[in-house]
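Listed below, chain by chain, are the residues.
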Amino acid sequence: SQKIEQNSEALNIQEGKTATLTCNYTNYSPAYLQWYRQDPGRGPVFLLLIRENEKEKRKERLKVTFDTTLKQSLFHITASQPADSATYLCSGYSSASKIIFGSGTRLSIRP
Amino acid sequence: GAVVSQHPSWVICKSGTSVKIECRSLDFQATTMFWYRQFPKQSLMLMATSNEGSKATYEQGVEKDKFLINHASLTLSTLTVTSAHPEDSSFYICSARGGSGGAADTQYFGPGTRLTVL
Numbered sequence: 001s002q003k004i005e006q007n008s009e010a011l012n013i014q015e016g017k018t019a020t021l022t023c024n025y026t027n028y029s030p031a032y033l034q035w036y037r038q039d040p041g042r043g044p045v046f047l048l049l050i051r052e053n054e055k056e057k058r059k060e061r062l063k064v065t066f067d068t069t070l071k072q073s074l075f076h077i078t079a080s081q082p083a084d085s086a087t088y089l090c091s092g093y094s095s096a097s098k099i100i101f102g103s104g105t106r107l108s109i110r111p
Numbered sequence: 001g002a003v004v005s006q007h008p009s010w011v012i013c014k015s016g017t018s019v020k021i022e023c024r025s026l027d028f029q030a031t032t033m034f035w036y037r038q039f040p041k042q043s044l045m046l047m048a049t050s051n052e053g054s055k056a057t058y059e060q061g062v063e064k065d066k067f068l069i070n071h072a073s074l075t076l077s078t079l080t081v082t083s084a085h086p087e088d089s090s091f092y093i094c095s096a097r098g099g100s101g102g103a104a105d106t107q108y109f110g111p112g113t114r115l116t117v118l
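Protein chains in written order, with this note's numbering: chain A, 1 to 111; chain B, 1 to 118.
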């Protein structure tokens, strides 16, 4: 079946370091991937969209990569801050399939 | 950026009553709207997809008669939980897609509605 998988274990990072989150997809060919941030009790907030023909995209301290060979997207937060602590969701879209969301990775940045 | 609002942000109701949740795209026309529910510490579960002016497409296992969706305009979709029961208590989130240019592909989410059925 088509899947988007994210590391379900929480990621704990020291403030100032780079946090890297992984999104893998199987049996699926997304035309683009989207990354969201979700805080407890709130709706997801859109961060970045990367298309299959784009290898990398940046927005301030955020960077996303899309590797169609590895079937993987990496989401990086550089110079991480405690305020970056949240759950990060990856989703994929293909014209042949509905939008699929990963289960999210909880990121904690310790001071 | 594109803004999606939901109303109410939380609601408490008695078992057997119906609850309506509104989802609005404030600064863009949403050709497609989605309704999700989310249980604590779990991911989003897609309930249905709706295009303006047409019937919603429900995901497998979602009761059409219980979760009524109306997408009457390009900026408004409503979800009505009919004859709500305690097991319907959840966090309901809508999202909308259909901005201009590259944003047309992006799915923007509302802030969610917390439903508690007593």
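Think of the hints as simulated: they come from the structure by calculation, not from any bench. Where a beta carbon is used, it is the ideal one built from N, C-alpha and C, also for glycine. Heads up, some of the hints might be wrong.
[To be verified] Here are the simulated distance ranges between beta carbons:
1) A:E5 x B:Q60: 44 to 52 Å
2) A:A83 x B:Q60: 34 to 42 Å
3) B:Q60 x A:K17: 26 to 34 Å
4) A:R58 x B:T17: 33 to 41 Å
5) B:H7 x A:E56: 36 to 44 Å
6) A:A10 x B:M45: 18 to 26 Å
7) A:E52 x B:Q60: 37 to 45 Å
8) A:S29 x B:T17: 38 to 46 Å
Against the earlier hints, flag every one the structure doesn't satisfy and list their numbers going up.
1, 3, 4, 7
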